[in-house]
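Protein chains in written order, with my numbering: chain A, 115 to 225; chain B, 399 to 511.
Derived by calculation from the structure, the hints in this document are not laboratory data. One or more hints might be untrue.
Said to hold, decoys possible - Computed footprint of chain A on chain B, listed as stretches where at least three residues anywhere in the stretch have a Cβ under 8 Å from a Cβ of chain A: (1) 440–452; (2) 500–506.
What the hints assert, rightly or not - Calculated pairs, DMTMM-like style, for lysine to aspartate or glutamate (alpha carbon to alpha carbon, straight line, at most 20 Å): (3) K212/A with D455/B; (4) K117/A with E499/B; (5) K166/A with E499/B; (6) K212/A with D454/B; (7) K212/A with E451/B; (8) K409/B with E481/B; (9) K212/A with E145/A; (10) K117/A with E442/B; (11) K212/A with E499/B; (12) K212/A with E450/B; (13) K212/A with E466/B; (14) K469/B with D454/B; (15) K212/A with E442/B; (16) K212/A with E448/B.
Ideal Cβ positions, reconstructed from N, Cα and C, are used throughout, including at glycine.
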Amino acid sequence: DAKTTQPPSMDCAEGRAANLPCNHSTISGNEYVYWYRQIHSQGPQYIIHGLKNNETNEMASLIITEDRKSSTLILPHATLRDTAVYYCIVRVQAAGNKLTFGGGTRVLVKP
Amino acid sequence: EAGVVQSPRYKIIEKKQPVAFWCNPISGHNTLYWYLQNLGQGPELLIRYENEEAVDDSQLPKDRFSAERLKGVDSTLKIQPAELGDSAVYLCASSSDTNTEAFFGQGTRLTVV
Chain A
115 DAKTTQPPSM DCAEGRAANL PCNHSTISGN EYVYWYRQIH SQGPQYIIHG LKNNETNEMA
175 SLIITEDRKS STLILPHATL RDTAVYYCIV RVQAAGNKLT FGGGTRVLVK P
Chain B
399 EAGVVQSPRY KIIEKKQPVA FWCNPISGHN TLYWYLQNLG QGPELLIRYE NEEAVDDSQL
459 PKDRFSAERL KGVDSTLKIQ PAELGDSAVY LCASSSDTNT EAFFGQGTRL TVV
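Just chain B, with the same shape it has in the complex (with noise of 0.2 Å):
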């Protein structure tokens, strides 16, 4: 079984412009994340989706970021304009319910000049 797939997986883009990563989460699974990761610290949560509704974007910069998952399936994350402090990976994650362990992608790393 195929796990959580993100693309790009490596993204270098000049600050203010936009920037998209994608994620398809494990067949089956209702919960989706996105987590933002800086160098050396833990990751943090930015959005959490049930299916298709947004039930925790309370960390989201909503000025800049933005996220959707239509059909309750993949999903994107875009960031516009994009900042030199937005530098970092971004890591989406899938369960199967609120209940389960989440299984994380490898990841996108944005770096922004």
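Chain A with its partners taken away, still in its complex shape (with noise of 0.2 Å):
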């Protein structure tokens, strides 16, 4: 599976809209782009997922480049629940749903 570069850490107001890069400059065609979190003391909550068009659900939206060389994660209104850690993994689907995490981003929503 593809490796993913995020930023190791980030900060967002409460209330905006929380903007998490990913770099997967070696995905393959048939790599899927998956967002997942985990709050503290919690385990990994799926958010969303794409392959090459941008996605949206009620959690979060994820837009992906043309080239798919890199996806962005918005989470459109950051509340103080939204801190957690978010991991961008890229999964090819004949691998089963075998997830490599990262390291991820650890994002802290203040007031």
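With the hints as a guide, dock the two chains, each given alone in a separate frame, to form the complex.
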């Protein structure tokens, strides 16, 4: 599976949009981009995933560049409860559902 | 619908003692995973099951770790004997097939003293 690069940490203001970048320059054509988050003392929680097109659900939006070498997770209105470690993962469907986690981005939402 | 249930939530044992963790996946989920998470790091896959068959156990330290998933539902992960370096959070996850998102339990925090 391709490796991803994320900033180790970032702060954002409550009520503002949080934009979390992820680089995956070696992504293959059959690899999906997945985002998970992990709130303190809990297991990882699925947020969203996509292949080529931008995706949106009730939690977030995923913007994937046209060359697919990077993506951005957008939390439209960050709340204090969004404070967590956010993991960007690329995964080959053929490998089963193996998720290879990196270090993630520690996001702190401040009042 | 209940999520992935793990027990115990916390466990403290002395080194060289055995320990077991239990996981009940989401009903109907055929795929089950055990992950290990060290402090400040992302989870690492230990073993993946498709029904009762272990299809990926390459990262499981087989000299002291074992796992089973009898009847393709609940699973148990065992460590015998435990070492100080085994202190970590052990996470269980499940998914409905090999191509969908995985749902994680809250994990078992193991402390070996």
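Here is how each hint holds up against the structure:
Residues of the region 440–452 of chain B with a Cβ under 8 Å from some Cβ of chain A number 6, which satisfies the need for three, so the listed coverage holds. Residues of the region 500–506 of chain B lying with their CB closer than 8 Å to a CB of chain A number 6, which satisfies the three-residue condition for coverage. Taken as a hint, the K212/A and D455/B pair is honoured in the structure, with Cα atoms around 12 Å apart against an allowance of 20 Å. Simply put, K117/A and E499/B have alpha-carbon atoms about 19 Å apart, close enough for the 20 Å limit, and the pair holds.
Our distance criterion of 20 Å between C-alpha atoms is met by K166/A and E499/B, whose separation comes to about 17 Å. Proposed proximity of K212/A and D454/B is supported: the alpha carbons are some 9 Å apart, at most 20 Å. Taking the CA atoms of K212/A and E451/B, the gap is near 15 Å; set against the 20 Å cutoff, the hint holds. Between K409/B and E481/B, the direct Cα distance comes to roughly 14 Å. Compliance with the 20 Å bound is thereby established for this hinted pair.
A threshold of 20 Å between alpha carbons decides the hint, and for K212/A with E145/A the separation of about 12 Å falls inside it, so the pair holds. A hinted pair counts as satisfied when its Cα atoms are at most 20 Å apart, and K117/A with E442/B qualifies at roughly 14 Å. Distance hint between K212/A and E499/B is fulfilled; the C-alpha atoms sit about 10 Å from each other, no more than 20 Å. At roughly 17 Å between alpha-carbon atoms, K212/A and E450/B fall within 20 Å of each other, so this suggested pair holds.
About 18 Å separates the Cα atoms of K212/A and E466/B, which keeps this hinted pair within 20 Å; it holds. Taking the CA atoms of K469/B and D454/B, the gap is near 18 Å; set against the 20 Å cutoff, the hint holds. Restraint check: the Cα-Cα separation between K212/A and E442/B comes to about 10 Å, which is no more than 20 Å; the hinted pair holds. As the CA atoms of K212/A and E448/B are separated by approximately 12 Å, the hinted pair is consistent with the 20 Å bound.
Consistency with the previously given hints is maintained throughout, with no hint failing.
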